[in-house]
Every structure is written in structure tokens, then in C-alpha cells.
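Listed here are the chains, written in short residue letters.
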Amino acid sequence: MKAGALPKLLLSPSVLLVLVCVYGYIMFTIYLSFTSSTMMPAYDWVGSAAYRRLFNLENWDVSVGNLVVFATLYISIAILLGLLFAILVDQQIRAEGVFRSIFLYPMALSFIVTGTAWKWLLDPGVGLEHTVRNLGWESFSFGWIKDNDMAIYCVVIAAVWQTTGFVMALFLAGLRGVDAEQVSAARVDGARTWQIYTRVVIPQLGPVFVSAFVILAHMAIKSYDLVIALTNGGPGRSTWLPSVFMYQYSFTRNEMAVGAASAVLMLAAIAVVVLPYIRAEMKKATHG
Amino acid sequence: MGNIKQRRSPLSRLLLYAVLIFLALLFLLPIYVMVVNSFKPLDEIRSGTVMALPLNWTVEPWLSAWSTAQIGVQATGLKPYFINSFLLVIPGVAISTLIGALNGYILTQFNFRGATILFAAILFSVFIPFQSVLIPMAKTLGVLGLAGTVKGLIFVNVVYGIGFTTLFFRNYYAAFPVELIRSARMDGADFLGVLRRILLPNSAPIIIVSVIWQFTNIWNDFLFGASYSDYSSFPVTVALNNLVNSSTGVKEYNVHFAAAFIAAFPTLVVYLVSGKYFVRGLMAGSVKG
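Here the protein sequences line up with chains A and B, keeping their order.
Counting from 3, one number per residue, gives the positions in the first sequence under this note's numbering.
Counting from 326, one number per residue, gives the positions in the second sequence under this note's numbering.
Chain A extracted, bound-state conformation:
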């Protein structure tokens, strides 16, 4: 049906909000990254100075390096565990719903709650180390969260705990759609269960791997709350991510242009991951 005046009128506020508050603001942030803004936005065009400064900052190098480590481990572990959980839960077990709910409940929590729980769980003075020592193993040591080189792995642990159930749900939906006839055929041919999974089932889950990768990658790039609650970027700056860098430089270090430049780079990283996916989804949507 052709849209009359009323539908257009009612849709326009949303269109306007998305255009202004998403795309307009992105343009504004890009513009700011080419200015000399410090504490407040300034509007003088100074070219790529902020980007040159950004690339010379060790804090930025550390943040990007941490993101690479964090994203790689987080994405691969969450996908592997999510697939494993889905396969385990898909064995016609009793109380399947209970297990699914238990694996998925962390997803309902705020990252601040998750961060707080794991902060003390991983804290050597009160959490696991303290507990194991009090149980009699006096020399047990687990102080990653206080260790510059290891703290980033604590962020990985908490993030994996939070999202594995979600990845499991994605894979479960995929498993339920696997072609049953191929599976039976493989079974008749005498294939073992693990062979059926590696040769028949998992190859059919390609789209789920792609979805899971896109979602986890974009979550990794955006990660902020969890780091703030778990380590607050520390010890030192050893768990800084680009999101932490952006906040620090924009709002506490009075280098807004540099902060804006870092936000632009975060957006670019997400666009690289997400745009091909959106293109594919759009094609699916228009071609049925």
C-alpha cells in the first residue's frame, strides 16, 4: 500500500532521531577528531593532528594490543565452549531447560554485577586463592588480577562466563535445524557420533559461526562496563581497552579531539566486521 501522509508523519520523528542522533552525531564526532578540541569542543579544522598524536601515544598502543588479545581469546573460547555446551545439551537429556537456563542466566546480568562478582572471586586476598589456601594448600597462588601481564585474562574469563550461554543458544537453534536425513545416512554408514558431528553437523552450522563471530567481535570492541567494574583498567593501564582510552581522553584528560579520533577508529573497526553481515542479511530480507 502506498504510504499516505499520516504514516509518513508518524514515522518521521524516529527517522529524524536516527538520522540526527546516530548518523549526525557520528559525523560530528568525526569532525571533532579533526579539530583541536580539548576540554570543550572546538571547531577549528587542524587536519589529522589528533590521529598523529593518537598513534604516538603508548596508552593507545597498549589499549589496541589488549583488545587484540582480549578479542581473540574471548571470541574463540566463547564460540568453542558455546558449541560444546550446545552439543551436550542437545543429547536428549533430562531437565534440558534447567541446564539451558543455568548456562544462560549470566546474560541477564549487568556487566557491572558480573565485574563485581568476579573482581572479588579472582582477588587473591578474598577469593579463590584465599579459599584454596584456607582449605590447606598453603602455597597455592592465583593472583592474575593483580598482575600486569595476566590481568587481561581475567577480563576474558568474566566475559566468557557472561556470554557462553548466549552462543550456546545460537548453536542450539542451529543444531535443531540440521538435516536429519543426512545424519541418519551417516549413521547407517557406520559413522561414530563424533564423526557425525565433525563431518555432517558442524559443517552445516557455518551461518551460526558467522553470526556468533559478528556478535562477539562487536561486543569485544564495545567492551567497557566489564573492564571498569572488574579492574578499572588496571593494574596500571594493563587492562585498558580502546573504550577506556576514549572515555579517559574525552572526559578526564581534556583531549577531546584525541578521544573523538579513538571513537572514530572504534566505529571503523565495528563497521568492518558488521557491514558485510548487514549486506548479507539485507539480501536475505529482500529475496526471501
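FYI, nobody ran anything at the bench for these hints, they're computed from the structure.
Fair warning: there could be bad hints in the mix.
[Stated by the list, open to error] Calculated cross-link-like contacts (lysine-lysine; reagent style DSS-like; alpha-carbon spacing at most 27 Å):
no., chain 1, residue 1, chain 2, residue 2
1, B, Lys476, A, Lys148
2, B, Lys576, B, Lys404
3, B, Lys464, A, Lys224
4, B, Lys476, A, Lys286
5, B, Lys404, B, Lys476
6, B, Lys601, A, Lys10
7, B, Lys464, B, Lys476
8, A, Lys224, A, Lys148
9, A, Lys224, A, Lys10
[Claimed, not checked] For the chain B half of the interface with chain A, some residues (derived, Cβ under 10 Å), not all of them:
no., residue
10, Thr441
11, Thr573
12, Lys576
Ideal Cβ placement from N, Cα and C applies to all residues, glycine included.
Given the coordinates of chain A, assemble chain B onto it according to the supplied hints.
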């Protein structure tokens, strides 16, 4: 897929359950530690283990977390911020869900130029890192006089929630039987009549999905809260982080655990009551096309 596992020995079944139960316990561990230690006096946490049940049960940490713990300079506990979060989340959810329903209806039932591009633009908007709009939005809230207010947070959460709710309803209404709408139009239903009489009464599942999704997202938001609110308008997540990360002197782990549980409570209840819809929202939010 059940047909993969026909010939199963009892032993491998046993092993399967052992693994599943072990993993389930591992996943419950953090919440167990939170709850158990929130009922212990502080010295019991220090001298004992985080795994042990309390010897002397006490609700002191909960009372402290709720009404007397130090948040910044004020000894208010989480209570005022918990209320702030509700004042934020109720209108935030209602407005964004309503707008989403309206948009979904218009985008699926009417043709107009640029609809595909508009859809792609909305789709991408749900992925953007909010860091890329954080600075100009701060300025906007300042200009509108909404900086540091709950109203400002409602506005921000609605603006960046519309993308999700619109996608939920668009996908739901795209699969809606056309005949029903057509016959209602024949009977003389106008634009809003179709929405009110035909679509909305049949939208319960997607309304629940949208409400739960938005409730969880807005309740759990931290970045907007940390950026745009002050002591009068902090949501509970920001207050919790303040309590845990800026407390000087003695670290009251038991109070922190109780506070974390209080902040988690509303979304946990929603999850337990309507987990099915929560999962549907996750799936719809991830396979967006």
C-alpha cells in the same frame, strides 16, 4: 537431532550428566559466592573461605547495601539509585516499545521510497559503539537542559533503543497474515484502527520480547549513566560501581556482594519468569534480517 544418539551406553550417559552438572555448578559459582558471602560478617569472609556457608547468619550487609552504605560522599545505600533506575526504565521501555510497534507497522504495511535504505540505516545503528555519539549527545543534553537528570537518561535510552524495537516489530509484522489486515480495511478500519484492532491484540509475544529486551538493556546500562548523570540521577549500576570501586579504607566485601545482588535482582526475576522470551529477544536481536 535426537536421532544422532540412539546407541548410548549407560556409562557414557553417566559421564554426560557428570560433565553437565559440573559445568552447571561452575556457572552457578559466582552467584552462589555472592549470595553466601552477603550473609556473613566481614571477619568470617576474611578468616574462612568464600565457598563456606555462613556460621553466623546476618542481614546487616543487606541493610547496609540498601540504605546506609557510602556511595561517593553520601551514605545513602543503593535505595535512591535503585528507584532512579525504575524511574528510568519504566518510561524508557514503554516509549521505545510503542515507537517500535508503530514503526514496525508502518515499515511493513506501506511502501515508500528509501524504505530499504532506512531499514539498513536502522540495522547498522544497533551495532554502533556508543563512544562514537557520546560527546555530541553530552552537548545535546546540556543544550536541552537535561544533563544530569533521569529525563535525559530516558531520552538517550529511547533514542538508542528505537533501532532494536523497530527491528523486533518489523520482523514480526512482516510475517503477519495480509488477509486479516485487508479485510479490516474493507470493513472501514483506518490507519490507527488497523494497528489498534488487528495488529496490537495479536502482538503479545513480540511486545513481551521487546519489553524484556529493553528492560534488561536499560536497567543494565552503565555507559550512558556514567556519562550523563550525577548524584541525583545515577542509575543503580553506576551507584554499585561507585560503592565497590571508590570505597576507601576497609573493603566490605559482604556489602558489595549484597549490593551486586540487589542491582541484579530485577533482571534476574525477569529472566526467571520469562526466560523463553528473553532468549527470543536475543535471537531476534542477533539474526536481525
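Here is how each hint holds up against the structure:
| no. | hint | in the structure |
| --- | --- | --- |
| 1 | Lys476/B x Lys148/A | violated, 39 Å |
| 2 | Lys576/B x Lys404/B | holds, 20 Å |
| 3 | Lys464/B x Lys224/A | holds, 22 Å |
| 4 | Lys476/B x Lys286/A | violated, 39 Å |
| 5 | Lys404/B x Lys476/B | holds, 19 Å |
| 6 | Lys601/B x Lys10/A | violated, 34 Å |
| 7 | Lys464/B x Lys476/B | holds, 15 Å |
| 8 | Lys224/A x Lys148/A | holds, 24 Å |
| 9 | Lys224/A x Lys10/A | violated, 34 Å |
| 10 | Thr441 | holds, 7 Å |
| 11 | Thr573 | violated, 14 Å |
| 12 | Lys576 | holds, 8 Å |
The earlier numbered hints that this structure contradicts are 1, 4, 6, 9, 11.
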